[in-house]
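Listed in order, the protein sequences are those of chains X and V. Numbering-wise, the first sequence is residues 1 to 286 according to full-length UniProt numbering. Numbering-wise, the second sequence is residues 1 to 286 according to full-length UniProt numbering.
I should point out that these hints are in silico values taken from the structure, not numbers from a laboratory. You can trust all of the hints, since none of them are fake.
If chains are identical, the list can't say which one is meant, so a pair holds when it fits in one copy or spans any two.
Under the rule of at most 16 Å between Cα atoms (straight-line distance), these lysine to aspartate or glutamate pairs were calculated in the EDC-like manner:
1) K104 with D224
2) K106 with D225
3) K106 with D11
4) K104 with D225
5) K234 with E199
6) K234 with E269
7) K13 with E46
8) K106 with D224
No experiment lies behind these values; they were computed from the predicted model shown.
2 protein chains.
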Amino acid sequence: MLYVVGLGLGDEKDITVNGLEAVKRCDKVYLEAYTSILGVPKDRLEALYGREVTVADRQFVEQGIDGMLNEALEMDVAFLVVGDAFAATTHSDLVLRARGLGCKVKHIYNASIMNAVAGCGLQLYRFGQAVSIVFFTQTWRPDSFYDRIKENAALGLHTLLLLDIRVKEPSVEALCRGKNEYEPPRFMSCATCARQLMEVEELRGEGVYGPDSMCVAVARMGQDDEVIKSCTLKEMCNVDVGGPLHSMVLVGDTHPLEDDMLLMHRAKESDFLPDDEVPSQYLEDL
Amino acid sequence: MLYVVGLGLGDEKDITVNGLEAVKRCDKVYLEAYTSILGVPKDRLEALYGREVTVADRQFVEQGIDGMLNEALEMDVAFLVVGDAFAATTHSDLVLRARGLGCKVKHIYNASIMNAVAGCGLQLYRFGQAVSIVFFTQTWRPDSFYDRIKENAALGLHTLLLLDIRVKEPSVEALCRGKNEYEPPRFMSCATCARQLMEVEELRGEGVYGPDSMCVAVARMGQDDEVIKSCTLKEMCNVDVGGPLHSMVLVGDTHPLEDDMLLMHRAKESDFLPDDEVPSQYLEDL
Chain X
1 MLYVVGLGLG DEKDITVNGL EAVKRCDKVY LEAYTSILGV PKDRLEALYG REVTVADRQF
61 VEQGIDGMLN EALEMDVAFL VVGDAFAATT HSDLVLRARG LGCKVKHIYN ASIMNAVAGC
121 GLQLYRFGQA VSIVFFTQTW RPDSFYDRIK ENAALGLHTL LLLDIRVKEP SVEALCRGKN
181 EYEPPRFMSC ATCARQLMEV EELRGEGVYG PDSMCVAVAR MGQDDEVIKS CTLKEMCNVD
241 VGGPLHSMVL VGDTHPLEDD MLLMHRAKES DFLPDDEVPS QYLEDL
Chain V
1 MLYVVGLGLG DEKDITVNGL EAVKRCDKVY LEAYTSILGV PKDRLEALYG REVTVADRQF
61 VEQGIDGMLN EALEMDVAFL VVGDAFAATT HSDLVLRARG LGCKVKHIYN ASIMNAVAGC
121 GLQLYRFGQA VSIVFFTQTW RPDSFYDRIK ENAALGLHTL LLLDIRVKEP SVEALCRGKN
181 EYEPPRFMSC ATCARQLMEV EELRGEGVYG PDSMCVAVAR MGQDDEVIKS CTLKEMCNVD
241 VGGPLHSMVL VGDTHPLEDD MLLMHRAKES DFLPDDEVPS QYLEDL
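Please take these sequences and the hints and turn them into a complete structure.
Here you go:
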């Protein structure tokens, strides 16, 4: 049996009781660790489970999955995913391959940023499609998210922006020399997201949003130091909401109750940093 | 302190470990029980928590909330919500009132149907706005959901349909006599939802969807007897996926991986019942 277990968003104890019982029954435990990060190091998971945890990085997920599925034909195997396994990142391919091999799959659900974002006070049924924002490089500045935001905005809907995570990216040097060396993991900040959004609006000029558009930064949702700050897009370029993970919401039409929640979370003068002090990304090895 | 704790979707053990530890610390425990239902009776919660659980029905939530918040100023109080507290139903008003009284609030996130629906294999970031479908009566057949589905469909997006739950509805007789008597709790089936959708398409005639539109029934998500069935809207009128809760998805444009998942969940001939044997609703007292 393959247990696909959502870990939730905070620490090792955000697993459900059912999830924990399943993991403790398992002979092998893998942790998917390249599409999100948990706020705690692996050894705290191992201490809670009483099991060794193997980190399944991008290379593993792309190449080692069949080995894991073959194990799951013989014994109980847990595949742990931060948040929920089918929400922000889909693991449908894993389920289909497992079924193809005749391997039973049991999914244990948990919170994902896709629903936890509602903790900021915006109503989930007023969100349109979610979009991903990737780090711009000198040569690659993809802006297709703009069209998705435009579609949502035309309907007055909120847009959840999922910010880039770069884990186990080969360094340029490593690529040149054929070595297995990686860049340090890095995570986009809301400030960088806001700057990229402003740049694309200037280029496209369709007025889908602007400097005064309201947005919400949600950082480390579900962790003890969770931060929620609402402010304008221009202000967001100078907001520091601390370490990863960050997500952001571009706010659509609001209900008075949503306005009250945004007001409760309104950023203060002290939340804004000078341009040269705003972290554009976070380097953190978790 | 007020702990607002999501219980997840299945049984009493779908609470997170952090959630369980918080509830065990609390002096009073309330269960919000009119916007959703858990698959298990209250005494199983009480056995796990070692605490008495007070059911907070509609009347309580509308009239007794301030009493609970005043308690939370003096002691630790848990307010339990099936799924997650801010997802399908928002409890923002509770948070705002608590803050107004100077009461600290801690939110413990969990899975909600709003993200767990992705377990059917449709990608969550391809969903537009979610809609609620209420039981039609002789005189009240609201069809504003049709416009929301139309907006989603125009963008090729999936629509999550949240089906009506009637708990603690006063009976007509009780209303006439001023008594506190209630109808038995009832829950809409996917078959009834499909019939109502067909009726509205016939009336409105804009071709937003039709008898051949693909849809997915998800029943008792996260419970051991979870059922996922994909079929056409016409077929859905005759599907029986068992007891509550049901939700439904109207499928938009699909990715090949989504097609594979829908195929895996394709309803079989044996899933369809004759017209007169399809339950239009479920009466269940949980």
